[in-house]
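Chemist: So you can see what is in the structure, the chains are spelled out below.
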Amino acid sequence: MSDLPLLSIVTFLPTFGALLLMAARWASPGSNPGLDRGAKYLALAFTCATLVLTLYALAQFNPASADFQLVENRQWASWLQYHLGVDGISMALIVLTAALMPICILASWSIEKQVASYMTLFLILETTLIGVFASMDIVLFYVFFEGGLIPMFILIGVWGGARRIYAAFKFFLYTLLGSILMLVALVAMANTAKTTSIPDLMAFHFSPTLQYWCWLAFFASFAVKMPMWPVHTWLPDAHVEAPTAGSVVLAAILLKLGGYGFLRFSLPMFPDASHYFTPLIFALSVIAIIYTSLVAFRQTDIKKLIAYSSVAHMGFVTMGIFAGTMQGLQGAMFQMLSHGVISGALFLCVGVVYDRMHTREIAFYGGLVNRMPVYAAVLMLFTLGNVGLPGTSGFPGEILTMLGTFHVNPWVAAGACTGVILSAAYALTLYRKVALGTITNPKLETITDLDGREWVMFVPLIIAALWMGLAPAATLNFTKPAIERVAVQYGTAP
Amino acid sequence: MTTHLLYSLSWTQPECLLAAAALILAVLGAYLGDRAAGFLAWMAALVILVAGVLAIHFQAPAPQQVFSGAMVIDSFGAFVKALMAFAAAAALLLASDHFSGSTDKRFEFAVLALLSTLGFFVMASANNLMTLYIGLELQSLAAYVLAAFRRDDAKSSEAGLKYFVLGALSSGILLYGASLVYGFTGSLAFDHIAQNASSGNVGVIFGLVFLICGLAFKMSAAPFHMWTPDVYEGAPTPVTALFASAPKVAAVALLIRLLYEPFGDLLQSWRQVIVALSVLSLAVGTFAALVQTDIKRLMAYSSIANMGFVLMGMAAGGQAGVAAALMYLAFYVPATLGAFAIILAMRSGGTRMEKISDLAGLAARRPWMAFVLTAVFFSLTGIPPLAGFFGKFYVFQAALNAGLWPLVVFGALATVVGAGYYLWIIKTVWFDQPGPVFDRASGTIIAVAAVMTALTFPVLVAGLGSVEAWAKAAAAPF
Numbered sequence: 024m025s026d027l028p029l030l031s032i033v034t035f036l037p038t039f040g041a042l043l044l045m046a047a048r049w050a051s052p053g054s055n056p057g058l059d060r061g062a063k064y065l066a067l068a069f070t071c072a073t074l075v076l077t078l079y080a081l082a083q084f085n086p087a088s089a090d091f092q093l094v095e096n097r098q099w100a101s102w103l104q105y106h107l108g109v110d111g112i113s114m115a116l117i118v119l120t121a122a123l124m125p126i127c128i129l130a131s132w133s134i135e136k137q138v139a140s141y142m143t144l145f146l147i148l149e150t151t152l153i154g155v156f157a158s159m160d161i162v163l164f165y166v167f168f169e170g171g172l173i174p175m176f177i178l179i180g181v182w183g184g185a186r187r188i189y190a191a192f193k194f195f196l197y198t199l200l201g202s203i204l205m206l207v208a209l210v211a212m213a214n215t216a217k218t219t220s221i222p223d224l225m226a227f228h229f230s231p232t233l234q235y236w237c238w239l240a241f242f243a244s245f246a247v248k249m250p251m252w253p254v255h256t257w258l259p260d261a262h263v264e265a266p267t268a269g270s271v272v273l274a275a276i277l278l279k280l281g282g283y284g285f286l287r288f289s290l291p292m293f294p295d296a297s298h299y300f301t302p303l304i305f306a307l308s309v310i311a312i313i314y315t316s317l318v319a320f321r322q323t324d325i326k327k328l329i330a331y332s333s334v335a336h337m338g339f340v341t342m343g344i345f346a347g348t349m350q351g352l353q354g355a356m357f358q359m360l361s362h363g364v365i366s367g368a369l370f371l372c373v374g375v376v377y378d379r380m381h382t383r384e385i386a387f388y389g390g391l392v393n394r395m396p397v398y399a400a401v402l403m404l405f406t407l408g409n410v411g412l413p414g415t416s417g418f419p420g421e422i423l424t425m426l427g428t429f430h431v432n433p434w435v436a437a438g439a440c441t442g443v444i445l446s447a448a449y450a451l452t453l454y455r456k457v458a459l460g461t462i463t464n465p466k467l468e469t470i471t472d473l474d475g476r477e478w479v480m481f482v483p484l485i486i487a488a489l490w491m492g493l494a495p496a497a498t499l500n501f502t503k504p505a506i507e508r509v510a511v512q513y514g515t516a517p
Numbered sequence: 003m004t005t006h007l008l009y010s011l012s013w014t015q016p017e018c019l020l021a022a023a024a025l026i027l028a029v030l031g032a033y034l035g036d037r038a039a040g041f042l043a044w045m046a047a048l049v050i051l052v053a054g055v056l057a058i059h060f061q062a063p064a065p066q067q068v069f070s071g072a073m074v075i076d077s078f079g080a081f082v083k084a085l086m087a088f089a090a091a092a093a094l095l096l097a098s099d100h101f102s103g104s105t106d107k108r109f110e111f112a113v114l115a116l117l118s119t120l121g122f123f124v125m126a127s128a129n130n131l132m133t134l135y136i137g138l139e140l141q142s143l144a145a146y147v148l149a150a151f152r153r154d155d156a157k158s159s160e161a162g163l164k165y166f167v168l169g170a171l172s173s174g175i176l177l178y179g180a181s182l183v184y185g186f187t188g189s190l191a192f193d194h195i196a197q198n199a200s201s202g203n204v205g206v207i208f209g210l211v212f213l214i215c216g217l218a219f220k221m222s223a224a225p226f227h228m229w230t231p232d233v234y235e236g237a238p239t240p241v242t243a244l245f246a247s248a249p250k251v252a253a254v255a256l257l258i259r260l261l262y263e264p265f266g267d268l269l270q271s272w273r274q275v276i277v278a279l280s281v282l283s284l285a286v287g288t289f290a291a292l293v294q295t296d297i298k299r300l301m302a303y304s305s306i307a308n309m310g311f312v313l314m315g316m317a318a319g320g321q322a323g324v325a326a327a328l329m330y331l332a333f334y335v336p337a338t339l340g341a342f343a344i345i346l347a348m349r350s351g352g353t354r355m356e357k358i359s360d361l362a363g364l365a366a367r368r369p370w371m372a373f374v375l376t377a378v379f380f381s382l383t384g385i386p387p388l389a390g391f392f393g394k395f396y397v398f399q400a401a402l403n404a405g406l407w408p409l410v411v412f413g414a415l416a417t418v419v420g421a422g423y424y425l426w427i428i429k430t431v432w433f434d435q436p437g438p439v440f441d442r443a444s445g446t447i448i449a450v451a452a453v454m455t456a457l458t459f460p461v462l463v464a465g466l467g468s469v470e471a472w473a474k475a476a477a478a479p480f
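These protein sequences, in sequence, are chains Z and P.
To convert, take the position in the first sequence, counting from 1, and add 23; that gives this note's numbering.
To convert, take the position in the second sequence, counting from 1, and add 2; that gives this note's numbering.
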């Protein structure tokens, strides 16, 4: 292990870029086209550098061990520690975050309003997201977890669509309500265990009563983040109104905070309560899978449809996690990573046509395959991935969560199965309406296929979706030791 | 305990300095006239800062009783004095900038600010009921005049009068309480009261409740908050900045001293009162703020809600509760002053603007102002990583340890409601179409805003360990 505080560097490098941007903004007030262009390149450079360093950290990481690695620990206040470290679960999610961020910056190339501020906020957002996964202190975790709300709120509110203000407020207040209750629980836990270190809290055995209350408080926060039915209603609004890159970050990374929280806190720290509340989670998951799939089917807005499909797919994640079996947990973890790639790519696909036509109405489109063959092929791939076609990354996660749940509760697994069918129905219908057929809308006659920048965005995602689908063992082995530890702590050994 | 006068004076150098400076500046002002107002304000700010530094410097290892036990010099006093000196100096600098060039440029401002700060210092060191009242009145009388400082302005005069009448009423309540306590315990000194009050005599408890009511008025905790919005709105903005910071700290410090020293054994009795004040302040502060259009009124309600959190820390009791309340104040003061610095910068073509809607689209016009407002208001909301979050964290921690979980849950929910109006400002600043273009802000405003923002994030957050250690040391005497 090197002496370099690698995780700190990875976490705060984007913020450093943001500070540079702010300084540049200060130095040249007023609107400045040169600054705007420079801001884009600077943000791209910093996100790429973060990715490179993350990959370096990945190389230092030993995936065979379940221990927390690359640990940094400094005293912050009497209890609080600046304590960073990663295991297989968090490392995988950090790599996902770092890899998606440059793509998000590329997807934001068409932004024209207050570019420097936009890029500054995006870089700060990246810091908070990486920080959440790297935190080994529960208060530090909360700081990053909640801190991400600030840039996201402003990103949605300034650069979003028509109902952006409503969506931004709904997003912020919903998430705040959930997480403030988690804060109360977190303080209660720290008071009881006299520590805020996550590994120590995992080892501490809380009394069942405290477990129930804390579990519910954490559930309030993670269920909103996830989002689970019935507190999912902020998601379609936020997704629809956010700029493309904002939607990508929301779907690909922010939603994973909920699942990560369940894996990191609820299961290992409150095993009794998790057992106790499993039926609740199962019920909510199945409702989410079936209900939101049906809702997705009736959407007229492409982004909204994909947003609802995200809720359905997150239903598989919660179901798999609370099945508590090795398959269920591994499947849930895989599903989170895969959903990060696929839903991110789908929102990028929407962004591509939105940039050209400035509408997301399904009815507006049709027959895109005639003018945009490459785009149609890319969209096809990710639509099939969303459906869970074997060979794409969508398949292993769904099948594993269902297998894992089947051992615990066959009826729940059966209910979830119908979700797979429904997802095929709405996703393929969407594809048919948008891409297939003949062009009926004259405005689409001049639409152009993917350009070089968009190619660069999609190629890594295509590779990731296929690689995870065709060789899932690599990813599964990577997360296995850490997931095994969670399973053991939960009380169901593999 | 020695009664030697020189000994007492040597421990109270900050107070002596403030008193002497107030007299000297008054004489200087009388000779130099109003054109020296700016110079005198700077001098006064400097003196106040020096007094704050002296207060830290003369920190006794063990509490020292001076002037025959009328005052006590300890680490608690040092902490709050330093905080109040910092706030008062910043407000004074803002005021000197604000009044320069206006017809209200008068030298008395510096003198009054100094006297008021002296009052804060005496309050923070009070060790018997007489000192308590003297400090409080010294501070209040200076504050009444400051509120009405813009003599030709009807609103300012109204604010001064309102503050005076209601303040006098609260002083009366406080005195009545003090007389009851004196009658039932036979002493004004805190340590004697402590010996005699532990029995929980009904008369003493009555007196205590009246004392709490009087102090709750000064710290504008609901239901004694009615004056706050009107005075905040009517008083000149830098005076409002002062009201929102230092006097609150002083009143909180005094209340802590009173509750923990003479009435420490009656914790179970006064806790109910403090919890009720906390709940009401949180409710009134957050819900009433939702409908405000004037930013100064909004800050008034925001301060009421914030006092609710401070009271939550006090209700927790024990050293942890005191430390939490002090830390909350230390994080609250820079955020509030930063907000007021920007409110002072809200001028377009020389006219003052005070509507929230005037901030529309600030992010596009003056990004630095938008940045400051974003930082301070998210800090007041209590969103990490800004300092305000850690204040809430420590308060919640102390209160949960004391078993006050319903109060904590209520506070958490109030935070969400409060977020609604703080976010509304952020929304106005960032999302709305650009409104009026503000004039270039003066160097003083920029400097104060920069310092306050830097404290809000990242200085106090990175130095959280030091702040905590300091607050714990300050809570040690209790």
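It should be emphasised that the hints constitute simulated quantities derived from the structure, not laboratory data.
Worth double-checking, as some hints may not be accurate.
[As the list claims (entries may be wrong)] With the C-beta cut set under 7 Å, the calculated list includes, among others, these residues of chain Z facing chain P:
#, residue
1, L76
2, L78
3, L81
4, Q83
5, G180
6, A185
7, I203
Please read all numbers here as calculations on a predicted model, not as lab measurements.
Each residue gets a CB set at the ideal place from its N, CA and C atoms; glycine is no exception.
Chemist: Each of the hints needs a verdict: does it hold here or not?
Modeler: Results for each hint:
Hint status for L76 of chain Z: violated, given a least beta-carbon distance of 22 Å to chain P, over 7 Å. The beta carbon of L78 of chain Z is not positioned within 7 Å of any beta carbon in chain P (closest approach about 27 Å), and the interface hint is therefore violated. Annotation: L81 of chain Z was flagged as interfacial toward chain P, and the flag is violated, the nearest CB pair being 26 Å apart, outside 7 Å. Interface hint status for Q83 of chain Z: violated, as the beta-carbon distance to the closest one in chain P is roughly 27 Å, over 7 Å.
Taken as an interface hint, G180 of chain Z checks out: its beta carbon lies about 4 Å from the nearest beta carbon of chain P, inside 7 Å. Annotation: A185 of chain Z was flagged as interfacial toward chain P, and the flag is violated, the nearest CB pair being 12 Å apart, outside 7 Å. Taking 7 Å as the C-beta cut-off, the interface hint given for I203 of chain Z holds, the closest approach to chain P being about 4 Å.
Violated hints, listed in ascending order, are 1, 2, 3, 4, 6; each of the other numbered hints is respected by the structure.
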